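As they're listed, the protein sequences go chains A, B and C. Take the first sequence: its position 363, counting from 1, is numbered 363 in the working numbering, and each next residue is one higher. Take the second sequence: its position 257, counting from 1, is numbered 257 in the working numbering, and each next residue is one higher. Take the third sequence: its position 241, counting from 1, is numbered 241 in the working numbering, and each next residue is one higher.
For the record, the hints were derived by calculation from the structure and aren't laboratory data. Just so we're clear, the structure is a prediction, and the values are computed from it rather than from any experiment. All residues carry an ideal CB built from backbone N, CA and C; glycine is no exception. Do not rely on the hints blindly, as some may be mistaken.
The calculated DSSO-like cross-link candidates involving lysine-lysine, where the alpha carbons are at most 30 Å apart (straight line), are [what the hints assert, rightly or not]: (1) 118(C) <-> 23(B); (2) 255(C) <-> 185(C); (3) 383(A) <-> 370(A); (4) 115(C) <-> 197(B); (5) 21(B) <-> 215(C); (6) 115(C) <-> 16(B).
Estimated spans, in silico, between C-beta atoms of each pair [as the list claims (entries may be wrong)]: (7) 176(C) <-> 20(B): 38 to 44 Å; (8) 73(B) <-> 176(C): 30 to 36 Å; (9) 108(B) <-> 79(C): 46 to 52 Å; (10) 197(A) <-> 108(B): 54 to 60 Å; (11) 29(B) <-> 156(C): 21 to 27 Å; (12) 34(B) <-> 197(A): 55 to 61 Å.
Partial list, computed: chain A residues near chain B (C-beta under 7 Å) [claimed, not checked]: (13) 69; (14) 70; (15) 71; (16) 72; (17) 101; (18) 114; (19) 118; (20) 301; (21) 317.
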Amino acid sequence: MKQFRLIVSGLIMASLLLGACQPEVVEVIKEVPVEKIVEVEKIVEVDSNAQSLDADPDKNPVTLKFLALSDDDQLNAWREQLAEFQKIDGGKWSYVDLEFETIPFRELFPKIEASVAAGLPWDLYQADGPDMKHYGFNRVIFDMNDLFTAEEKAQWFPQSVEEGSFRGRLLGPPILQSCSLMMYNKDMTDAAGINPPAALADSWTMDEAMDAWVKTTLDNDGDGVPDQWGVRWGQGTWTGDYEAGIFRRSNGVKGSDTWKGMGDDGVTFRGFVDSDESVEAHQFYQDMHQKQKVTPVEAIPEIFESRISAFMITPDNRIGALNRIHGEGNFNWGVTGIPYFKTQVCHTGSWHYGISPNTENLAEAVAFVKYASSDDGARIFYKYVRQLPANIGLFNELPEYAEGGSQRLWLDAMNDFGIPRIGTPGYTEYQQMMSEALQNIQAGGDIPEILGATAGRIEGLVAKYTGWNN
Amino acid sequence: MENTNTNINIVAGPPKSVSQKLKDLGLYIGEHFLYLILVIVFIAPLVWMVLGSLREEKEIFANLYPFTIHTFLPIKWTINTYLDMFGISEVGIMYGLEFQKFMANSLFVSVCVVSCSLIFNTMGAYFFARLDFPFKNFLLIFVVATMLIPFQATIVPLYIVVKDLGMNNSFWGLIIPWFASPFVIFALAQFIKEIPKELDEAATIDGASLWGILWNVIIPNAIPGIITMALLEFQFIWNLFYWPLIVINSPDLQMIQVAIANQTTQTQIFWGRTFAGSTLASLPVIIVFLALQKWYIQGVATTGLKG
Amino acid sequence: MTTVPISSTDKETSFLARLWSPRNRYYFIAFLFIFPALINFSIFRYLPIFAAARSSLWQYSLLGGYRDFIGLQHYENMMIDPYFWKSMKVTALFVLMKVPIQVVLSLVFAILLQKETKTSAVVRSAIFTPVVTSVVVVSIIWAMMYHSQLGLINSMLSAFGIPRQIFLSDPDRALPAMTAMMVWKDLGFSMIIIMAGLKGIPTVYREAAIVDGAKPWQIMRHITLPLLKRVLMFVVVTQTIFSFQNFVPVYVMTKGGPMDATKVIVYYIYQFGFLFQDMGYASAMSIVTLLILLVVSMIQMRLFRTDVEY
Chain A
1 MKQFRLIVSG
11 LIMASLLLGA
21 CQPEVVEVIK
31 EVPVEKIVEV
41 EKIVEVDSNA
51 QSLDADPDKN
61 PVTLKFLALS
71 DDDQLNAWRE
81 QLAEFQKIDG
91 GKWSYVDLEF
101 ETIPFRELFP
111 KIEASVAAGL
121 PWDLYQADGP
131 DMKHYGFNRV
141 IFDMNDLFTA
151 EEKAQWFPQS
161 VEEGSFRGRL
171 LGPPILQSCS
181 LMMYNKDMTD
191 AAGINPPAAL
201 ADSWTMDEAM
211 DAWVKTTLDN
221 DGDGVPDQWG
231 VRWGQGTWTG
241 DYEAGIFRRS
251 NGVKGSDTWK
261 GMGDDGVTFR
271 GFVDSDESVE
281 AHQFYQDMHQ
291 KQKVTPVEAI
301 PEIFESRISA
311 FMITPDNRIG
321 ALNRIHGEGN
331 FNWGVTGIPY
341 FKTQVCHTGS
351 WHYGISPNTE
361 NLAEAVAFVK
371 YASSDDGARI
381 FYKYVRQLPA
391 NIGLFNELPE
401 YAEGGSQRLW
411 LDAMNDFGIP
421 RIGTPGYTEY
431 QQMMSEALQN
441 IQAGGDIPEI
451 LGATAGRIEG
461 LVAKYTGWNN
Chain B
1 MENTNTNINI
11 VAGPPKSVSQ
21 KLKDLGLYIG
31 EHFLYLILVI
41 VFIAPLVWMV
51 LGSLREEKEI
61 FANLYPFTIH
71 TFLPIKWTIN
81 TYLDMFGISE
91 VGIMYGLEFQ
101 KFMANSLFVS
111 VCVVSCSLIF
121 NTMGAYFFAR
131 LDFPFKNFLL
141 IFVVATMLIP
151 FQATIVPLYI
161 VVKDLGMNNS
171 FWGLIIPWFA
181 SPFVIFALAQ
191 FIKEIPKELD
201 EAATIDGASL
211 WGILWNVIIP
221 NAIPGIITMA
231 LLEFQFIWNL
241 FYWPLIVINS
251 PDLQMIQVAI
261 ANQTTQTQIF
271 WGRTFAGSTL
281 ASLPVIIVFL
291 ALQKWYIQGV
301 ATTGLKG
Chain C
1 MTTVPISSTD
11 KETSFLARLW
21 SPRNRYYFIA
31 FLFIFPALIN
41 FSIFRYLPIF
51 AAARSSLWQY
61 SLLGGYRDFI
71 GLQHYENMMI
81 DPYFWKSMKV
91 TALFVLMKVP
101 IQVVLSLVFA
111 ILLQKETKTS
121 AVVRSAIFTP
131 VVTSVVVVSI
141 IWAMMYHSQL
151 GLINSMLSAF
161 GIPRQIFLSD
171 PDRALPAMTA
181 MMVWKDLGFS
191 MIIIMAGLKG
201 IPTVYREAAI
211 VDGAKPWQIM
221 RHITLPLLKR
231 VLMFVVVTQT
241 IFSFQNFVPV
251 YVMTKGGPMD
261 ATKVIVYYIY
271 QFGFLFQDMG
281 YASAMSIVTL
291 LILLVVSMIQ
301 MRLFRTDVEY
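Let the sequences and hints guide you as you build the complete structure.
Spelled out as C-alpha cells, the structure:
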C-alpha cells in the first residue's frame, strides 16, 4: 500500500510540476486574451497585407488542400468546378489544383478541431452552417467579408449569408442550402385515401398531420407492432436540432421567445427552450411516440426509403437517395408543406466554404471559393448533388424549381418561412443537450422537468461564451 | 486420490453397459447442442451483416419485421455492392472506389506493426519476466500505466508529437507509435513466467547468453502466447479508426475502417457498402485466426515439457 | 612527474572497472531488452499524457487553444459536478457487470473448447468472430436486435408468449443490454488468451494428477486454476481497463441516454473535449480516470499475487 501511495503522489506531483511549467515542448499555443476577442477585421488586414490577393501567373503549381465531407457526388462536382476554374480569366489559375481529404459527417468537426489544435497547414474546409459561429468565435476561419461586395452577397439566400456570418461579417460563402418539408410515399397515402395539400398555404397543422399519420400507421397482423409507420421526423436515426428544433419553434408566434429559441445575448436558454409553449409542443412529440405510436421510439435506419414509413420530414436531398436505392423514378413520392402549430417553420441548413487562417495559398484559395460559390460554380455543383442551391439566380434556369416543378415547394418554403437554427458559438453544446432531452422525452420522460434541467445545463455549458455578440 | 476406479476408467476403460452408452450419447448430444447454440448466438448478427451486403439496399431494412426467412436471406441476391467497392462496376468507376487499396494499406501497416511488435514486445516481456533490474516493479507500472488514460484525451497531443516528428500523413505515423505495446508486454510477461525456470538455468550452465536463452528457450516455449498476441495486435491495428482518421490526410494512404466510415455521406448512409466493407474487413482476420489454430496445436506438441 | 598520468589512468581504469562490473554489465544488457519499448512509451505515450495533465490545469479548448492558467480549478469543479459522478457510477457498474461475467464465461469456454477437434475449432472461430468485426457495425446491428418493436430478440420473446420488452430506451435496462452486447463482443478476446495460457501449462502435471486418480474438477481446482492465476490476473486487469474506457457502443447506440443511464466516463470526456470546447476539463477527468485505474489495477495485481512456483 505504501508503494502505491508513493507512486500515485509521485505521478500527481510530476503532472502538477509539468502543468505549471509554461507549455513549450509539444503544443502550439495560441495566447488569446479571453476578455477581448480581437476584431476579425484586423486579421483580414494583416493577412491581406502579408499576401497579395493577385495571382502571379509564373507561380509554381499550387495544390489546395480541401477538408471535405465524404460524398463522392460532391467530390465529382468540385473536380468539374476545378476544371472550369482553371479556364476562367484566360487560364490565370491553371496552376491551381485541389487535393481532397474526406471525412464522414460525424467526424468532420473533431477532425477540424484536431487539425486546428495541431496547427496543421491546410487551405479549405467544408463547414456546417451552425458551426460557423464556433469557427468565428475561435478565429480559426479566414474572414471573407470584405472580399464580397454587397451585390455579390445578394446572390445568395439571406438565410445562407446569415448562417455563414459571425457578428455581422460573412466568414465564408454558402455551398448549398436546404430546408425540410414533408415527403410522402404516394402509394401509401393513396391506399389510405389521403391527399396531402399541394400548396404551402394549405399545409396541415400538426393535428391534421397526426390524423394522416394515424391513418397510415398500419398493423395488418394485429400483433401490436405496426407493419407500416406514419412518419419519420428527420433524416438518419438521431434527433438533431435541424429537424427536431422545428417542433418547439413552430409553437411560438413569429418573434416570440419560443420561436426565437434563445435569448438575444446568445447564451440564455431558460424561458426559451422550456417555455410553456415548448412543453406543449414536446408533449405532442412524446405522444407521437408513446400515445398514437405513429413513429418508432427507437429509430429505424432508412425507414422511409425502405417503404415502411408513409411520411418523412426531409430536405430535397432525399430524392437523390430514393433514386439511387430504387432506380430513377421507381419510388412514387410526393411532397407537402411541413406541419405546424402556430407558425410555419423550416430550419435552413447551408454548408459553407471556409478558408483556414493557416493557409499558405490565400490568393488561390480565395479565387477558388469565389468561383465555386458564384452562379457558375453552383450550377456545376447542383448538376451532381441536386440539392437546393444557395444561389438565387439559378432558380430561373432549373426546371425542377420553376413554377409547378417537382422541387418547387422547397424553394417556396425557403423563401416563406425558412429560418436558420439558433446562431451562437454554443450551438454544439445546445444541440447535444437538446438531443439527449428529446431522446428522453421520446422514451416517455417528464417533459417540464427534462426541459427545465436541459435549459439550465445548456446555460452552464455556454456561459463561457457570455458577451460574444456585444 | 481417493478411489482407484477412476484411474482404471481413464487408463483402461472397462466394457461399457448400455445405460453408460446412452449416458455418453446424451452427453454427446447435449454438448453439441450447446455448441450449436453458441455458434448461432455468436455469428447470427454477423451473418445478417454478410447477407445484407449481398442484397439490394432497399431490402436491407425492409424485411426486419415480421421475422421471416427473408429477414436473413436476400430476396434478390446480388454482388453489385462488392463490384462497386472494388471499382469494377460502372458506379464504382464513376466514383473512383478502390477498396482494395485501403485493404492493402491496412494489411501493410498491420503486418509492419505486428512484426516490430513481436520483436520489441517479446524482448520487453522477457525483461520483466526473467531479468534482474533495480526498480523493475516500478518500470512495470510505468509500462502498464500507459494504458490507463482514455485515448480521447491523448489523441490530439499524440497527433502533435507525431506531426512534430514529421510523421503525420505517412505510414510512419501509423506504424511507429504502436511498435511497442504495453498490453502485449504485460501479457507475454505472464506467459513467460509460466515457463519453468529450470530451463533457463540449464541453458545458463551451458553458457548461453541472455539473447541465446530468449531465442532458444523462451520463444519456443512461449509460442501459444506469442501467436495469440500477434493475432490480437493484428486485429487491433486492423481495426484502428480514430488514429488514421486524424493522422492521415491523403486518401491514398487511408486505412480500411476509415474507408468504411466514408460510406456515410452527409445525407445518406450506403448501408450495402458499409456491410460489404465490414465483411471484407473481418474476413482476413478470421482467416488468419483459422490459419493460426494449427499453431496452437503445434505449440503444445513441441513445447510440452518432457520430464 | 611521470607518476601523475599513470595514477590518473589507474583511477580511470578502476572507475571504469567498477562501472563495468559484471553486475552492472548484466544490468546494462538487461536494460537493452526493454529500452526500445521504453523509448516508444516515453515519446508516444508519456508526452501525450503529460500534455493532457498540463492542459488539465489550463482553460484549454482544441479550437481556441490555451487561455488562462487556472490551477486545480477543473479538479475542484469535477468534485461538485453531479454528472461526472453519475458517469463514474455508470462506468463502475458496467465494469462490475461485464468483467466477472466475461472472465468466467471465457474460462469455461476455453476449457470446454481446448480439445483439438474440428467441432471445437469451429466453435472457437465462431466465438472469435465478433472480436474482429468493427464495433461500429456490431453496435448498429445490436441496436436493431434490441429494437423494442421489431427487434429479433423481441420476435423470439413473443414466439414464447412473452410480451415485448424495451431495452435500449429503458433507463434501467439500457446498461445491462449494452453489457450483454459487449460480453458477446469481447468474449473471444479473453477466451483465446486464457486458451494460450492453458496450452502453456506443462502436460506433465495433469498427467501426473490423472495417474494419481484425481477427478476432473479436482485437476481444475488444484492444478489448472493455480497455474492459470497469472494469465487470469492479466485478463482481469486488462479487461477492467478496456471496459472502463468503453466508448464506441455508447457513441453509436445510445449517445449516453436514456436519462444518462449509459453515459460512461469516456463518452462524457469526449463530449467535453470535442463537442463542448473544454479540453481542459476533459483532460482533468482523464487524469482522474488514469489515477483510479492505477489504483484499481494495483489492487487487482496484489489480489492475484502468485505464490505458485514450480
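Which hint numbers doesn't this structure obey? Structure breaks no hint.
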